[in-house]
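Starting from the given sequences, assemble the full structure and let the hints guide the process.
Here the protein sequences come in this chain order: A and B. For the first sequence, my numbering assigns the number 56 to the initial residue and increments by one for each residue that follows. For the second sequence, my numbering assigns the number 8 to the initial residue and increments by one for each residue that follows.
In short, the hints are calculated from the structure, not lab data. Mixed in with the good hints, there may be bad ones.
So, partial list: chain A residues that the calculated Cβ filter (under 8 Å) puts toward chain B [said to hold, decoys possible]:
id, residue
1, F136
2, L142
3, F153
4, G154
5, V205
6, V293
Glycine included, each C-beta is placed from N, C-alpha and C at the ideal position.
Below, each chain spelled out in residue letters.
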Amino acid sequence: MDDIILKTEDVGVIYDRSIVALENVSLNVPTGKLTAILGPSGCGKTTLLKVIAGLIEPSSGTVKIRDKETIGPGPDRALVFQDFALLPWATVLQNVAFGLRAQGVSKREREKTSLTYIKEVGLSGFEDKYPHQLSGGMRQRTGLARALTVNSEILLMDEPFSAVDEQMRRKLQEDLLELLKIENKTVIFVTHSIEEAVYLADQVVILSGRPGSIAEIVYPEIDRLGEIDLIRRQPRYVELVDEIWSSLKSYVE
Amino acid sequence: MGWMTLLPPLSGIWFAFAELLEQTAFWEAFAMTARTFGIGLGLSILVGIPVGVLMGISTRADKILSIWVNLFISAPITAVIPALMPIFGIADATVIATVILFSIWVVIIDTQAGITHVKDSLVEMGRNFGCSRWKIIIWIVIPAALPEIITGVRLSVVRAVKGVIVGQIVIALIGFGGLFNTYLSYFLMERFWALIIVVFVMSFTIIGLVELLERRIAFYARTR
Ligand SMILES: Nc1ncnc2c1ncn2[C@@H]1O[C@H](COP(=O)(O)OP(=O)(O)OP(=O)(O)O)[C@@H](O)[C@H]1O
Ligand SMILES: [Mg+2]
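Structure below.
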């Protein structure tokens, strides 16, 4: 039995008193694992992630971290944004250091820590560039470094690679897996790509569309210890993609 | 009275211009114009930006204030100036009030527009990393809205230039307004035109300077 770091209990979200975006979502997130949230457009994936992040207060139910109820954002959870959410007037270094700055860490110390993570995500040499001087992939690496810098146990990512092209997406996915071998993180990852979910996740949570609720949970159990670029050739990978697609199909219609 | 009296030759105007610069009355008017312009515009910016920010972040403030701001931004302010005179007297204060009434609204509206267009994800990012509401406003929202705020300031400079001249002319007793009035009543047309040229050159210089400044900050807007 895995150790559960975070769980949602009967979470429901109603927007504007009438739009039911989520209903009875009870989800266990195992420590140190990658959980993907998958589902058709508009099924409430972002809403669920924001509830977990503490940015949206659920209309019903609770979010618990290590069995303690949490309200609002906290240093134990760091977000990576779909549109990167970088400050355009700040350099890569300043953007990466933002979380530490918000925590009141001294300039010298936060820059030192930030430089370590800038290196770790492969952005060395770009510290003084501005976001508009970077490619989409590099922008998201900046966003990732910023989330890593605050050293949260839980990383929350909302379609982090959807705004970059296919080749870059694959590269970023591979690099994320490599990175997670070094960094011991629990990751909750929103995606609308079945391939991405199966490729990255230990647990794939499939949401059914409106109101969003958990339809099924799939455990890929793919061997990620070996060569990362071999994952897509594993028979288990191909099988799972098909399996999830056939169960998702019913919600798409 | 022929056209020659109304539109004197350029050489005459040039001569009058040289004379003008020797007059204490001119320099007094110039100083008063600079003073009232500076104070009025300064107040418009200092008050306008915070009000715009407030309207941008609070729907309640927006509901209460936007009717007035939108009313005043398109209202013929010139018509209000005579009503200001009994309140503020025939002095600097009335001209300053005119400058403010001309220039503050556009600062408020552009600031508010800038604030409301800040991407939600940037604010969420701030909240995610534990920023207080205040820090989110100072570190994220205002810098992100800066291009719009600067545009508002530029437009308000243009309007303040109009305000300071129109104000003095309507009051017609102080500053350049007083001089215009004197020159017209004594048919000193050369001086009248020389003064008009001075006023035009002043206005274009100030507006040109602000546009130069805006261009230097414009890289911001492109990078969003
Ligand atoms: N702030 C809001 N106010 C009202 N309704 C909202 C709001 N945010 C989301 N919704 C609605 O709630 C539902 C779920 O939205 P959400 O963004 O969580 O879906 P999603 O699964 O992330 O979609 P996508 O795949 O398009 O990103 C949608 O129908 C959306 O229209
Ligand atoms: Mg979404």
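We went through each hint and held it up to the structure:
1. With a cut of 8 Å, the hint placing A:F136 at the interface with chain B holds, because the nearest CB-to-CB distance is about 5 Å.
2. This hint holds: A:L142 has a C-beta 7 Å from the nearest C-beta of chain B, less than the 8 Å allowed.
3. A distance limit of 8 Å between C-beta atoms decides the matter here; for A:F153 the minimum to chain B is near 6 Å, and the interface restraint holds.
4. For A:G154, the shortest C-beta to C-beta distance to chain B is roughly 4 Å, which falls under 8 Å, so the interface hint holds.
5. Hint status for A:V205 relative to chain B: holds, with the closest Cβ pair at about 7 Å, below 8 Å.
6. Look at A:V293: its Cβ only gets to about 35 Å from chain B, farther than 8 Å, so that hint breaks.
In this structure, only the earlier hint numbered 6 is contradicted, and the remaining ones agree with it.
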